[in-house]
Each structure stands twice: as structure tokens, then as C-alpha cells.
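There are 2 protein chains.
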Amino acid sequence: MKERGLLIVLSGPSGVGKGTVRKEIFSQKDTNLYYSISMTTRKPREGEVDGIDYFFKSREEFEDLIERRKLLEWAEYVGNYYGTPIDYVEESLQSGKDVMLEIEVQGALQVREAFPEGLFIFLAPPSLSELKNRIQTRGTETEELINNRMTVAKEELEMMDAYDYVVENDKVELACERIKAIVVAEHCKRERVANRYKQMLEVE
Amino acid sequence: MKERGLLIVLSGPSGVGKGTVRKEIFSQKDTNLYYSISMTTRKPREGEVDGIDYFFKSREEFEDLIERRKLLEWAEYVGNYYGTPIDYVEESLQSGKDVMLEIEVQGALQVREAFPEGLFIFLAPPSLSELKNRIQTRGTETEELINNRMTVAKEELEMMDAYDYVVENDKVELACERIKAIVVAEHCKRERVANRYKQMLEVE
Chain G
1 MKERGLLIVL SGPSGVGKGT VRKEIFSQKD TNLYYSISMT TRKPREGEVD
51 GIDYFFKSRE EFEDLIERRK LLEWAEYVGN YYGTPIDYVE ESLQSGKDVM
101 LEIEVQGALQ VREAFPEGLF IFLAPPSLSE LKNRIQTRGT ETEELINNRM
151 TVAKEELEMM DAYDYVVEND KVELACERIK AIVVAEHCKR ERVANRYKQM
201 LEVE
Chain L
1 MKERGLLIVL SGPSGVGKGT VRKEIFSQKD TNLYYSISMT TRKPREGEVD
51 GIDYFFKSRE EFEDLIERRK LLEWAEYVGN YYGTPIDYVE ESLQSGKDVM
101 LEIEVQGALQ VREAFPEGLF IFLAPPSLSE LKNRIQTRGT ETEELINNRM
151 TVAKEELEMM DAYDYVVEND KVELACERIK AIVVAEHCKR ERVANRYKQM
201 LEVE
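Sequence order for the protein chains is G and L.
Take the first sequence: its position 63, counting from 1, is numbered 63 in UniProt numbering, and each next residue is one higher.
Take the second sequence: its position 54, counting from 1, is numbered 54 in UniProt numbering, and each next residue is one higher.
Wrong hints could be hidden among the right ones.
[Said to hold, decoys possible] Below, a list of computed lysine-lysine pairs in the BS3-like style, where the Cα atoms sit at most 27 Å apart: (1) Lys70(L) / Lys43(L); (2) Lys198(L) / Lys18(G); (3) Lys29(G) / Lys97(L); (4) Lys154(G) / Lys189(L); (5) Lys97(L) / Lys171(G); (6) Lys180(G) / Lys29(L); (7) Lys18(G) / Lys180(L); (8) Lys180(G) / Lys97(L); (9) Lys97(G) / Lys97(L); (10) Lys180(L) / Lys23(G).
[As the list claims (entries may be wrong)] For the chain G half of the interface with chain L, some residues (derived, Cβ under 8 Å), not all of them: (11) Arg42; (12) Lys43; (13) Leu157; (14) Tyr163; (15) Ala185.
Treat the hints as calculated values from the structure; they're not laboratory data.
All residues carry an ideal CB built from backbone N, CA and C; glycine is no exception.
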């Protein structure tokens, strides 16, 4: 009877500020989301706590989880594994909680295959507004700078194709507000509400 | 070059509180929407101002607008015409403004035909939560009361079929927040943002 929670995948190009935005969202008191902590084989950095920043595992443990298909997505960067344990996500969704992942673009594409019903949010750098400014103030900018921006914008445009929403990270607070608005709006989608009505009516 | 605004149609069963919710939204300072004032042939009530509450017109003027297809939707209730002038809506959307209509269910269906790309929001009474409570506290409620609620919920379920979103009007402030969240989320939809990128890139 319990309605399944939403899976929210926050992703975007590296360096865009995914971690900062995610931390800001979870530092806000009115946030009603659950964060799925990633797993890694890299050593904890100073101040990082097991079970809060990451689940720190050995390579053997991680590879065992890969084999047993216990990871929703995983990748190897610079000799270390990073991934998302599937059990926490699945249990949370089943109990009606909304779960957020914050992962790289490659991982998001893997999750999309397993959870096509997820909410895929692309965090974009403020390159579009910047580009607009540069074009509008043409003459004060070199053609080279404008062309560089154009190239970056084209690459972003291609990446965002697999996503449902694009949130510009012009200001961290604004980006957080938009992400939370997206979650509220998704809960109001007619199909979801209609399903709640139908479930209630079938109780009879 | 200017991106077209969103047309937001707030509707729902009569008596649900559409007017109250709409007034609350437009009384909030951070609201960035434009309200499309309706037109009517009924006499102004005490305190009502032409051009604020309604555009008050004669039957001849109204019928002339119907003939010239200058109304986005219209209907006759208890001997009076009510409708939405199309020019204000079209001009506002073209200049990039988000426009909100607050109209009856029949009118919303007419608008859906002319503007299928609009955002159709169904304001629902808190009957679902009520129904749930009544079922859960069964024994303290008569079967008749529960059955009445079931019938109402079924009718609502049918009505909401033509809408994109359903917002429960449990509390006016919450309903307003949800409606504003929906507008923010829609502006972050990938297709819309991707179109902005494409337009910028084609400037070259």
C-alpha cells in the first residue's frame, strides 16, 4: 500500500559543484530526502568518516559486491573503485522515502538503465548565462573566448540529453531551491496522485 | 529570440478554493507570474473593480468578442457570460511572461485544445487524506459516510484526467507553495533548457 519513493539522481560534469549543492540541500532542516552514501576503496581523507562521507571498503569487499550485483552503479577512477550500494536505495524507495544520489555522469547513465523511472537532474555550470553575456558584450571579448564558450556549451548540450531536468548552478542556494521544487512538483504529477486515489478506492 | 512564457491553468471543482489560492499566490511578493483577468457580463459586486477583479462588459460587447474569436474560453452561467480574453494571454506569453488563468473545469478543457503545451493544474479538495482517515478509523464512521467519500473521490479521479498536476488544497499556503514549485520545475525541464542552449548556439 505504501507509495514508492522517488529516486533523485543529481549529476553533471566534474567540477560543477555537485558535492557542494548536495551538502547544502542536506544541511537544510526542511529537506525531506535521504542521501545514499557512496562506497569507495580509496583511503579516507582527513576528517572523512566511514558511513557518513563514504563507506570505506577493501578492494576484495568491493569486488565481491560487484560480482554479487549489489551495486547500482560503479566505476574505477585512478585505481580506486567508487559505487552505490543497491540495498539501501531499494529498501528506502520501498518504504516510501525519496532517495538522492550524487554521482558522475557515467554512473548516472548506468542508473538510468536500472531505474528509468528515476528523476535525473543535470547540474550545469552557469555557462549559458555567461555565453549570453559574452555574446551581448561582443567587442569587449576576443572571438577566441566566445568560441571556447560555444564549444563548452555544445558539449553540455550533448551530455544533458539523458536527463529530465537541467539546473543551472549559478548560485548554490538557487540551485538547491530548484532541485527541491522539482521534487515537490514530481509528487504532484497527475499520474502519481491518480495512483494514490486508485489505491485508496481499491481498498474497498 | 525571447523564450515563450508558460501558460498555467489553475482549475478544479467548484468550491475547492481556486480563487483563494490564486489571490494568495498573487499577494506574495516573490511571485513572478501574471494573472489573466477574466471578462464577465454580470454586474460588479460591492468592492469589485473593473480591470482588477474582472473586465465588466455588456452582453453585446461580449458576444462581439465571441464572434471575433477573441476569447480563449468562455461559458454562460446563470444568464451571465464569463471568459478569458485571448490577446492579453498571447501577448504576455510571447514577451516571455508566465501567465496564470484561474477558471472552471469546462473552461480548462477548452484551453487545453487551444494550448496543449500549457500547464494544467487541478486543485483538489483534501478528500483523499480525509478518505484515508475515515477508512483507517472505520467503526467510528458510518458506512454511508465512507461510501459518500468514495463516490466523491471517484468523480475527482475522472476529472483530473485532463491535467498535468494535481495539488491538494489541504492548506492554502501549502497549495500555493506546490503551485510555485511546479512552475520552477517546469522551467528546469531539459527540453526547455536545451532549447535555450540551441538558440544561443545558433546565434553564431
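Evaluated hints:
Restraint check for Lys70(L) and Lys43(L): satisfied, since their Cα atoms lie roughly 21 Å apart, inside the 27 Å limit. This hinted pair checks out: Lys198(L) and Lys18(G) have alpha carbons roughly 24 Å apart, not beyond 27 Å. For a cut-off of 27 Å, the pair hint linking Lys29(G) to Lys97(L) is broken: about 33 Å separates their Cα positions. For the hint linking Lys154(G) to Lys189(L), the alpha-carbon distance of about 18 Å falls within 27 Å, and the restraint holds.
Straight-line distance between C-alpha atoms of Lys97(L) and Lys171(G) comes to about 23 Å, which keeps the hinted pair within the 27 Å bound. Of the pairs offered as hints, the one joining Lys180(G) and Lys29(L) holds, with about 20 Å between alpha carbons and a cut-off of 27 Å not exceeded. At most 27 Å may separate the alpha-carbon atoms for a hinted pair to count; Lys18(G) and Lys180(L) meet this at roughly 24 Å. About 23 Å separates the Cα atoms of Lys180(G) and Lys97(L), which keeps this hinted pair within 27 Å; it holds.
Distance check on the hinted pair: Lys97(G) and Lys97(L) sit about 36 Å apart at the alpha-carbon level, beyond 27 Å; violated. Between the alpha carbons of Lys180(L) and Lys23(G) the distance comes to roughly 24 Å, so the proposed pair stays at or under 27 Å and holds. Look at Arg42(G): its Cβ only gets to about 32 Å from chain L, farther than 8 Å, so that hint breaks. Nearest Cβ of chain L to the Cβ of Lys43(G): about 37 Å, over the 8 Å cut. The hint is violated.
For the restraint placing Leu157(G) at the interface with chain L, the shortest Cβ-Cβ distance is roughly 5 Å, inside the 8 Å limit, so the hint holds. Satisfaction of the interface hint for Tyr163(G) is found here, the shortest Cβ-Cβ separation to chain L being roughly 5 Å, below the 8 Å cut-off. Using the Cβ-Cβ criterion of 8 Å, the hint placing Ala185(G) at the interface with chain L is satisfied: the shortest such distance is roughly 4 Å.
In this structure, the hints that do not hold are numbers 3, 9, 11, 12, in rising order.
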